[in-house]
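Protein chains: 2
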Amino acid sequence: MSDASSTDFTVRPIGRVESPLTSTSDAPRQGDEAAPDAYLVLDSDVQAGLDGIAAGDEIIVLSWLHEADRKVLRVHPRGDLSRPEAGVFSTRAPSRPNPIGLHRVRVLGIDGARVHVSGLEAIDGTPIVDLKPVLGSIEER
Amino acid sequence: MSDASSTDFTVRPIGRVESPLTSTSDAPRQGDEAAPDAYLVLDSDVQAGLDGIAAGDEIIVLSWLHEADRKVLRVHPRGDLSRPEAGVFSTRAPSRPNPIGLHRVRVLGIDGARVHVSGLEAIDGTPIVDLKPVLGSIEER
Numbered sequence: 001m002s003d004a005s006s007t008d009f010t011v012r013p014i015g016r017v018e019s020p021l022t023s024t025s026d027a028p029r030q031g032d033e034a035a036p037d038a039y040l041v042l043d044s045d046v047q048a049g050l051d052g053i054a055a056g057d058e059i060i061v062l063s064w065l066h067e068a069d070r071k072v073l074r075v076h077p078r079g080d081l082s083r084p085e086a087g088v089f090s091t092r093a094p095s096r097p098n099p100i101g102l103h104r105v106r107v108l109g110i111d112g113a114r115v116h117v118s119g120l121e122a123i124d125g126t127p128i129v130d131l132k133p134v135l136g137s138i139e140e141r
Numbered sequence: 001m002s003d004a005s006s007t008d009f010t011v012r013p014i015g016r017v018e019s020p021l022t023s024t025s026d027a028p029r030q031g032d033e034a035a036p037d038a039y040l041v042l043d044s045d046v047q048a049g050l051d052g053i054a055a056g057d058e059i060i061v062l063s064w065l066h067e068a069d070r071k072v073l074r075v076h077p078r079g080d081l082s083r084p085e086a087g088v089f090s091t092r093a094p095s096r097p098n099p100i101g102l103h104r105v106r107v108l109g110i111d112g113a114r115v116h117v118s119g120l121e122a123i124d125g126t127p128i129v130d131l132k133p134v135l136g137s138i139e140e141r
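Going down the list, the sequences are from chains L and X. Sequential numbering of the first sequence, starting at 1, is according to the working numbering. Sequential numbering of the second sequence, starting at 1, is according to the working numbering.
FYI, nobody ran anything at the bench for these hints, they're computed from the structure. Fair warning: there could be bad hints in the mix.
Said to hold, decoys possible - The list that follows gives simulated cross-link-like pairs (lysine-lysine, BS3-like), each with its CA atoms no further than 27 Å apart:
#1 Lys132/L <-> Lys71/X
#2 Lys132/X <-> Lys71/L
#3 Lys71/X <-> Lys71/L
Here the structure is a predicted model, which means the values were calculated and not measured.
The task is simple: from the sequences and hints, build the whole structure.
Right, here's the structure in full:
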């Protein structure tokens, strides 16, 4: 009974997604499956963290998939009942113990704390918890 | 003053890293910079979520970088004082508002709830919050 979960941590969203997608049933399963352009609207108090990100960059958005069921450990991949159940950690299913979404997007432009990005499958209002650069080769770091 | 942070979320670790790295000062900056092999030791109550992951798979580990300073918004990239400061979201610096680490590793083997992986730069005891598959092409999903 080693219990790693004895220490919890608090995620404080840094902003929210602004998107034409309003329900998970309309959302594509991944960003490269015809997901629309969207805005990452950051809180003004973290805007300084955006310095160095520019149009054309590829970035990773970590979100909190707030509609997920955190008790789920097994799913039919892609919701396809003809496929056998698999563990959630072997899938990108949103329902999982810590429903953190991972989205790779391209920056189209930045206006203050608003970041315009392409191909994001998260729905309108999804909390954003982190942004990271896509790393290039070791030589470029 | 739209305040996305008015709703916080609780991350409950699903396990911990077991690694020969014991301090962040010894740890490489990225997994592909000579990071050692390590174990992901999951809690037994989430073990069912591993079904479908096998030796040879590439997976993404999300960790909680518990020694990070969450108030930091600007850093010298890679701790190099000769480089101008940049916003944390344009870097992989561990210190950031939500210190979630993103690690791409290869599975070497699985024994129950212990996952042996190659090239992980997180230190011993780092809480693990999620595992995800690296996605292949759209046709393979």
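Hint check:
1. Lys132/L <-> Lys71/X: Holds - the C-alpha atoms of Lys71/X and Lys132/L are around 16 Å apart, at most 27 Å.
2. Lys132/X <-> Lys71/L: Holds - the C-alpha atoms of Lys71/L and Lys132/X are around 16 Å apart, at most 27 Å.
3. Lys71/X <-> Lys71/L: violated, 31 Å
The structure is inconsistent with hint 3 alone, although it conforms to all the rest.
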